[in-house]
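So the protein lines, in turn, are chains U and B. Under the working numbering, read the first sequence as residues 27 to 284, first letter to last. Under the working numbering, read the second sequence as residues 426 to 913, first letter to last.
Capping the alpha-carbon separation at 25 angstroms, the derived lysine-lysine pairs in BS3-like fashion look like this:
{"id": "1", "chain 1": "B", "residue 1": "Lys642", "chain 2": "U", "residue 2": "Lys161"}
{"id": "2", "chain 1": "B", "residue 1": "Lys724", "chain 2": "B", "residue 2": "Lys743"}
{"id": "3", "chain 1": "B", "residue 1": "Lys546", "chain 2": "B", "residue 2": "Lys569"}
{"id": "4", "chain 1": "B", "residue 1": "Lys569", "chain 2": "U", "residue 2": "Lys105"}
{"id": "5", "chain 1": "B", "residue 1": "Lys743", "chain 2": "U", "residue 2": "Lys161"}
{"id": "6", "chain 1": "B", "residue 1": "Lys642", "chain 2": "U", "residue 2": "Lys274"}
{"id": "7", "chain 1": "B", "residue 1": "Lys784", "chain 2": "B", "residue 2": "Lys724"}
{"id": "8", "chain 1": "B", "residue 1": "Lys546", "chain 2": "U", "residue 2": "Lys105"}
{"id": "9", "chain 1": "U", "residue 1": "Lys274", "chain 2": "U", "residue 2": "Lys105"}
{"id": "10", "chain 1": "U", "residue 1": "Lys161", "chain 2": "B", "residue 2": "Lys723"}
{"id": "11", "chain 1": "B", "residue 1": "Lys782", "chain 2": "B", "residue 2": "Lys724"}
Read the hints as simulated data drawn from the structure, not as lab findings.
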Amino acid sequence: MKKHVLFSLLILLLVLSVTACGSAQRSDTKAEKKEIPDLEAVMTLDEYPSCDGSPLALPMSEAVCCALTGAERSAVCNKIVHNGKESALNSLFGGKTDIVFVEGDDASLNTEAEKAGVKIELFPVAREYYAFYSKAELTDEEKSKLLSDDGLEAGSSENNISAQTASAIIEGGLKCSINYAKGYFISGYTPEGVVIYTVNGVAPDRDTIISEEYPYSFCYYAIIRADSPAGSSERAVAEALAGESGQKLLEETGYVRY
Amino acid sequence: MSDIKMRKTVGMVMTVMLTVGMLGLTGCGSGTQNSSAEIEKKEINYLYQNNISYKLVEMEDFSDTPPEEYLYTRIEIDGLADASVEQKINGKISEVFEDMLERKGAGYRGFSSKVDLSAEKSSETISMRVTGNYNNILSILVLKNVEQGGIRYSDNETLNFDLRTGETVGIYDLFEDGNCDELNRYIANHVNVFGNVYAGGTVYDDSTGYHMISVFKGVPEEQKFILNEYGPVLLFDYTNPEFYFTDYRAYEIQAGYDALAQTLDLDRFMEVKEGTKIYETPTDRIMMVYGSAETVEKKDSSSGSGNEQYSGTFSYMKDIPEAALECGNELVKFNKDMVSKITGSEPASGGLRIINKVKGSHVGAYYNIVQDLSGFRGNTWEQSMEAYVFDMEGNPVSLDDFFADGYDYFSVIKSELQSYMSNNNPDSVIDESRLNNLVENSSFYVDIYGLKILTRPIEKTGSNGGKYKASIVFEIPYDKFGTENIKL
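With the rest of the complex left out, here is chain B (with noise of 0.2 angstroms):
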C-alpha cells in the first residue's frame, strides 16, 4: 500500500475512532434531549354544535323473569350523511344497551359475598343519556341502577364516538400526541386529597364512600369518561384498581376545559376531507363553553328589620375580573332601591321578603353577572332580573361590544322578544314602542347555547288570575344571529 494510500486509511480509521469515541462518551443514543419548551396556554371559549337529533327507544322486558318495576330507554341518533356510518354508532349504542341487560351484579370488590345475585330484583333501570354533542363527538352515558335482595347498585358505561367515521373515541384521543400528563395531575390533586387521610386507614371521602388503596397510576387508556359543557367527566369504578368503594357506584370527576387547556386537542375531530358532508343538514351552530366547572365563593348576607326581611347570596366561579367581583359584590348589599325594584312605585305594604340571588359565571371569553331579585309580600311574589357583561380583563361588554360592528341585533332580538311574548301570552298587546322599549331597557347575559335576554319586570297574569310584576327571560340561539357576527 502506498503511503498515501496508508494515510487515508489511517486517517479514515482515527475518523471512526473518533466517532466510537464520541458515541461513547455521550450514550449512544441514550436519548435525545428533550428542551422544555414553554407550552402556550390555550383557551378554549367555544365549540361547534353537531347537528344531529336523537330519540329515546323504550324497551319492553321479555324476559321470563323481569323485575317487578323496570325502565329501559336507549339512544337513537338521526341526521348523519353517512347512513353506514349512523348504522355502525345505533348499532354500538345496541350493543352495548344489550350487553347492560344481560349483566349480572357489578364488578365492585366484594360484590358477590354482599348481594344475592339470584334474589329477585325489586326495580332495575338502564338509562341513557347525550351529555355532550359538539365538535363532531358524541358523548353518551349508560347507568344502570339495580335493587336487588336489599342492595342497591349501579352500574355504567359510556360512549364516545366520532361522528365523523362512526369510531368509538378513548380518552387519549381527546389530547395532543395522547399525552394525558395534564389530566393525570388534575385527577391527582382532585383524589389524592391529603386532607382527608387518616392515619391508620386510607383517603377516605366522606361524601362519596371511595377510598384510594394505592397510588393514582395515571388513567388508563380505556378510562370510561363522557364529555359535557364544563369538559370531560371522568368515572371512577371497579375498573380502576386503587379505588376501593364500599357503596357499590362510580365516583365521577369533573375536569374543566379551562384545566387542561395545553393539552386537550378537540379541535382535530373538526379536521374533515374537502367534499365530505357529515350531517344531513350542515351547521355552524356554535356553543359556549363553561370557564371552570367550580363556583368558588359563596357570599352571604342578611339583614331585615320590621316588615323588611333581607337575605343576599353571591356565588361565582374563578378567574372573576376584579370589576365583576366589584359589581357583584355591590349587587348583594341591600339597599332600598331594591323594594321599589320590585314593586314598582307602589310602597310595600304588609311584610315585604327579599331574596336577592348574585351568581358569576365565566362563559366562553366572558365573565356574567346575574342578579335574580325576588319579593315575596303574602301570596303575592315579584322579581326583576338584571345581567352585566365584562370580559376577562374587566371591560364591561356591551351589545355593540359583542357584535360585529354595523350588524342590526337589535332587530333579531325585538323580533324574538315579540315571538316570545305572542307564544306566552297570546292575548297581551304587543304595540311597537313599548316593544322597542323593552328592548332599548333589556340586559343580556352570554349562556351555553344562546343569548340570555333579560327584561325590566312587565305586568304578568298569574295562573289564579292574579297580577304580578316579572323580568321575562328567554334565549336567543347563537346561530339566528349568525356565528359570523359575534365575537366569540
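So here's chain U without its partners, still in its complex pose (with noise of 0.2 angstroms):
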C-alpha cells in the first residue's frame, strides 16, 4: 500500500510540474528575456537638435524626443515641425535641420544627398509597408478580370494577389478595385467591409514585414549630416532610435521595428 501512495503522489508531482497553469513555464520564459530598459533623458529640450521629415514620421519624431528630453508631449508637438519629406531633405542638405526622418529607400536618399553636394549617415529605424484592399469583396466580373490579368489559375486562393499585380497596382496600370495605403490604416479599427489582400500568399505582419517576407516594405530613415560630430545632440537622437531601447519606443508607438 506504501508503494501506491508513492508511486501516487509521484504522478501528482509529476502532473504539477508539467501543467502548474503555465506559470513555470511563463517565469522561465521571463527570466530567458532580456528587460529592454526605456530610453533616458539625457538632454533638454533646448538641447534637442532641429529636425524635421515626413507627416508619418511625426509620431516616432516626437516620442523619441520626449523619452530623450523627458518633455511633455504638449511641450514637444509645439516645438516639432514636420514639413514634408522633400522640405525636410532640402533643410537638412542646406544645414537649416541636424536630423531628419523621412521614409524611402537608402539608394534614392544617398543619390539626392550626392546631388546637393553632402554626404549623409542613414540610420533605418522602423519599416513600414503598403496594405493592398478594396473597400468590400470584389464582384464576380473584377475577379474574373483580375484572373485573367494577373495570369492566376482559376481557382487561385480568394483575397490574394500576385507581386506582378501589385506593382501594376502601384504604378498605376491596372485599374481594378483594389488599392493601395500605407500599411498603419489596416491596424488598430480597421473600417468594416474592407478586405486585406494578401500579396504572393503571403499576408503583411509584424513577422513577415521584419523578414521582408511580404514583398511591399520599406524603410523610416534618421538621417544626419556624415560630418555630425560625435557627440553632437543629433547623432546621439539617431543613434538611439536605431538602438534596442529606441526600437522598442518605436514598437511602443506603433511601428514595426527595423
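Assembly of the complex is requested from the two constituent chains, each provided in isolation within its own frame, with the hints serving as guidance.
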C-alpha cells in the first residue's frame, strides 16, 4: 500500500510540474527574455537638435524627443515641425536642420544627397509597408478580370494577389477596385467590409515585414549629415532610435521595428 | 494506516491529480469562453428634456492688454432642486471659462513656431453654447477663436454634466459597461477614408485640413465630445495624436443615435433614487431624435418653358421607407396643379418661377416628407407647404394614428392656431368655421421638440402692405398634448 501511495504522489508531482497553470513556463520564458530598458532623458528640450521630416514620421519624432528630453508631449508637439520629405531633406542638406525622419530607400536618399553635394548618414529605424485592399468584396466580374490579367490559375485563393499585380496597382497600370495604402491604416480599427489582400500568399504582419517576406515594405530613416561630430545631439538621437531601447519605443509608438 | 484509509487517501490523490491534469489541459483560467450572443438592436426614438434654464453672461476683459475686439460669454444654469449641485456645475463652467481665458495659443503641432504669441491679438472670442439638454445630461461647447499675428486659430473644450450629481460625464460613461467598440468602429469608418489616401503621403481630407498620421486606436477616456439632437459629436484636436492639423482648428465627427443604438445607454442617467427631486419644476417634456445624421440622396430636376420655370429638389435621410420614397418622388415631379396650388384659381400672368423643395427626415419612430412649394412672380412670392408622415414600415400615419385613441388633439391644435394667428396678425378676424376649416385641411409632421402644423395657403399682408398667400407653419410642443397621449 505504501508503494501505491508513493507512486500516486510521484504521478501527482509529475502532473503538477508539467501543467502548473503554465506559470512555471511563463516565468522561465520571462527569465530568458532580457528586459530592455527605456530610453532615458539625456538632454533638455533646448538642447534637442532641430528636426524635420515627413508627416508619417511625426509620431516617432515626438516619441523620441519626449523620451530623450523628459518633456511633456504638449511642449514637444509645439516645438517639432515636419514640413514634408522633400522640404526636410533640402533643409538638412542646406544645414538648417540637424536631423530628419523620412521614409524611402537608401539608394535614392544617397543619390539626392550627392546631387546636393552633401554626405549623409542613414540610420534605418523602422519599417512601413503598403497594404493592398478593396473597400468591399470584388464582384465576380472583377475577380474574373483580375484572374485573367494576373495570370493566376482559376481557383486561386481568394483575397490574394501576385507581386506583379501589386506592382501594377502601385504604378497605376491596373484599373481595378484594389487600392494600396500605408500599412498603418489596417491596424487598429479597420473600417467595416474592407478586404485586405495577401501578396504572393504572404499576409502583411510584423514578422513578415521584418523578415521582408512580405514584398512591399520600406524603411524609415533617421538621417544626419555625415560630418555631425561624435557626441552631437543629432547623432545621439539617431543612435538612440536605432538601438534596442529606441526600437522598443518605436514599437510601442505603433511602428514595426527595423 | 489501514487499508480503507489508504484507499481513501489514494482516491483523494487521484481526484486531485485529475483536477490538476484537467486544469493543465484547459489552461488554468486562460479565460472563459465568451459566447457571441446576438445583441438586439435598440431604437432610440425620444429623450426627455431637462427642465433647467440657462443664460449667457457677457464678461469684461480687465487685463492690461485686452484684444482690439473681444467677446466673452459664459453660461449660468438655473432650475435644479439641489442648490449645491447647481453651484457645483456653475462653478465648473466658470473654472473652464477662466482657464480658456488664461490659455496662450493652442496645442497644435508646430504652433509656437508659426504663431507669434507675443503679438497683439486682433480679436478674441470665447463663447459657450448648450448643444444638448436632455436625459439629465447637460452638454456645453466652449469655443475660443483668436486672430493673432495674422494667424487665425481656435481652441475648444467640452463640458458634459450629470444633472443628478453635478459631476462631469466622460465618453465611456455614455456606453454600457464603458464599451466604446461600436463608437470606435463608426469613427474608424469615418477617418480611415481609404479613398482619400495618397500613396506618398497620409490620409488627407481636403475639406477639413487634417491628416491621419498614425492608426486610429480608439477614443481615449478624456475624448472631447458634446451631445446634440442627432447624437454624440466628437471633437478631434491636438489632444488626439493620430491627427495632424494644418489649420489649427478641431475636426468634428457626428455619430448618430442610429449608429450607436446597440451600446449607447443614456437611459442610465434617468435612474433616480425614490424621493429625489432633480428639478425645481419636474416635467416630462420629450424630444424626438433624428434617425440619422446623414442626408443620403439629393435629386434635382428642372424644366420649364415660356412663362414657367421650375426647379425641384428631393433630399432625404437614410432608412427611408419605400412608400415615403415614392411619395417624395411624386411630389418633386412638376405638374400643372402646382401653379394653381400656389396662385389659387388665378392664372399666372407674367413669368412664374416655381421652386419645389421636398425633404425627407427620420424623426423618432416616424418618417416625414415635407414639401415647400414657392412661386415667384415679379416681386410677389407665394407659398404652399404640406407634409406626409409614415411609420418606418411605410404605413401612412394620420393624426388619429399619432395620438392615443380618444384623445381630443383637434381642440389643442385649434387653440394653438388661434393663438398663433392672434399673435401674428392681431387685426385679422378669425371666425370659428374658418378656424375649423383650417385645422381640418392642415397637414402635420413630427419634429424634434413638437408637432409642426402646416395649413393650406391663406392670405397674408406683407410688410409693404401687399397681399400674398402662404401656409401658416407653427409648432406645438409635445407637452401641450401630454406625453401620455402620444404614440412615441
